[in-house]
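Visitor: Chain by chain, the residues run as shown.
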Amino acid sequence: MEINLSIKPGNRIQAFYLFFIITGIQLGVGIIGAPRYIFMEAERDSWLSILIAFVYLCLLAMCMFFILKQYENADYFGIQVDIFGKWLGRILGTILIIHFGMSFFSILLTYIEVIQLFIYHALPNLVITILIMILVLYTVFGGIRVVVGITFLLFLSTFWLLLVLYDPILRMNWFNLLPIFQTSFPDLLKGARATSYTLTGVEILMVIYPFIQNKEKAKLPVFLGLAYTTLMLLITTIVSIGYFSAEGLRSIDWALLILYKSASFTFIERLDYIVVVVWLMVILPNLALSLWAMSFGIKRLYKVPQKVTLWIITILILIIVNFFQYDYEVSNMTNLVGRYGFWITYVYPFILLPIVLVKKNWRKRKGSDRL
Amino acid sequence: MKFFYVSIWLCLLLCLSSCVHSQQLENLGVILSRGVDKVEDDNIELTMAILQFKNDSSSATKTISGTGKTVKGAVKDANKKANQEIVIGKIDLEIYGREIAEAGLTPYLDTLLRDANVPSTMLLAVSESKAKDIFKVKEETIDTNLGQFLHGLLEPGVEERLFPAIQAPKFANGINNPGLEPVLPIMGIREGIPTITGLALFKGDKLVGQLSIEDALLYKFIEGTVTGEFIEVTLPLEPLGEYLTDKKELEKKDNINTLFIIEKGSGDTVLTDKNSLKFDTNVELTLTLQEIAVSYQFDNKKAIQQLEREVEKNIKDKFEKILAKLKDLNTDAFGYGVLYRIQNKGGKLKDEEWDELFPKIDVNFNVNVKIIRHGTTHR
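In order, the protein sequence lines correspond to chains W and V.
Per my numbering, the first sequence starts with residue 1, numbered consecutively.
Per my numbering, the second sequence starts with residue 1001, numbered consecutively.
The hints are simulated quantities; they were obtained by calculation from the structure and are not laboratory data.
Keep in mind that the hints are not guaranteed to be accurate.
EDC-like cross-link-like pairs, simulated, lysine to aspartate or glutamate; straight-line CA separation at most 20 Å [stated by the list, open to error]:
#  : chain 1 : residue 1 : chain 2 : residue 2
1  : V       : K1170     : W       : D82
2  : V       : K1345     : W       : E269
3  : V       : K1321     : V       : E1232
4  : V       : K1350     : W       : D253
5  : W       : K364      : W       : E41
6  : V       : K1138     : V       : D1077
7  : V       : K1345     : W       : D82
8  : V       : K1348     : W       : D187
9  : V       : K1090     : W       : E269
10 : V       : K1278     : V       : D1205
11 : V       : K1170     : W       : D253
12 : V       : K1170     : W       : E247
13 : V       : K1348     : W       : D82
14 : V       : K1316     : V       : E1249
15 : V       : K1327     : V       : E1251
16 : W       : K360      : W       : D82
17 : V       : K1062     : V       : D1077
18 : V       : K1345     : W       : D187
19 : V       : K1206     : W       : E269
20 : V       : K1348     : W       : E41
21 : V       : K1203     : W       : D82
22 : V       : K1327     : V       : E1102
Model the full structure from these sequences, guided by the hints.
Guide: Structure below.
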């Protein structure tokens, strides 16, 4: 297996799309329920927790860029095989693919639950999954450029959702956010960790990086993307705490969607129905990018054509999705992804970095010995 | 080939359409407002004003009722009597009977917050007696359909965010918010027409007392900014005597009635001393005189200042009476407890703690009135 990839010019993408890729994969269903989880840990200083998470994310992105810089044009799969050898590298790569699969699945299940709660009570999981999978497959079959294109377009077409929050902002009680700076530092860190499910997805950078055409310009869009998602989460959390009282937020499951319920216009009485449906556009980039990363990873590791993998994964999803009926199963699933995803997304790159550096150093010395 | 695949998918979609429950407008009865009462055997009675879209029906709305053990169960019961499917997606107003408001509203709020179909813009109110009395009104007397009429009472403008428009989530959050007690408008029948008659004071989810409709206006100042409303003030004539154009008026009467338009009215409160529980509530009022029963020297600056002082005294007096009443009922509708909570370590306040402290608080009302205009005449 090649460690470095050579991508055809027709498949390369411009660096500024990284902004949309990062926001596309980070913003999904997590943000709907996140305010409650963060609030349970960090109370009224939740905003501080989110800022801590942002600083950590920036460090993480820097770490990833540093690892990638050590190679010519490699991705996670190639680097792991290079560092840990063929077998261990493949196992680690497979774990990463399973991670993408699990987060894909948790997003799908959560969205299905939202649809069933808000619009169609009796619609079976299978039907919604088929409808969503048609869209996702259609996107991923188009290749990386179509996936990135959909991410870009759907970002633009869902941007207006943010503006609707003006209504809950007018209704919120700012006193609910006071007093500030009362939470202890360990609790703040716990709150920052509670964002892990929502902000997960940065690892896509390590997969998509070889496809970037102008790599020297890749840093800024990534950091802007991280800042944008953090800002979204920050606004959602602050408005949620202000709108629901402190005690109220503890019992609210779908905080963001309930915020949207309070907005009403003379020409659209129930905007929340539209928001729930439009949310498909928010999760579609997420699903498409995860599915693409999965199929691409399997192609890299096992040389299975992407088309075959896509069909197999789709069939698997269509089968498994029927077994999830209870809502606690769905929340267990997201908790699971949040918990182990924390180690894969947020901790693993920092472990990988010293190993990469040591190995490179060792190789250099070996090279100079030979000379 | 691509066309072939696409058409297969599209055919699949056609089969899927039967999976979704369809709702045709003609077959629906849309609840506009409903009243909740308690009847014997712990049953809930719902009275609903329903909008119907049948071509052949004589009226656009009708009132139906049903009973059940739960709120949704009562809707289901009412559904048996109607030939349409009753849906809740556009409900504007829910009115609770006084009896159940006094017993606590939490059991009835649950379905409103749990069901995603219930809009968050829905308003709540309390009835003076049974809620179903409100729905007995003849449509001829109100010139519009009942649901719209009741909603219009509470929310004249779309963008009005102050009392008397209190949305269900706002009320629910008021129950949960330590140091702040929720309020709701009270509705009653006056001369056969439903009107707002006062402000219901709650403690937790239980109704404990009420303020008059005049006092409700003062409540608005504390809650936010008020513009464009009338305020009626009755002033003693004696202190103003000096500036009357016709001094003989003094002998004829003791009080004069005045009416002002509120150009801008707002209030804010600060906690000045936490240990002795001293609060300052500053109310700023900018008024325009609309009506006064005597002729008065409006070209004299001192005369206007004297009038301002009298209005200030009057309003301050009213505020103090309201506060005394709130202390008596031990319900902190103005939310002084929130300011106290903020000063607490960790920002927490137990309900019991504030129950003990609230009757002891000392509030200094500083009312600042400016009468900036007095209409098109001088005297």
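Visitor: Which hints from the list above does the structure break, by number from lowest to highest?
Guide: Hints 1, 2, 4, 5, 6, 7, 10, 13, 14, 15, 19, 21 are the ones this structure does not satisfy, whereas the remaining hints hold.
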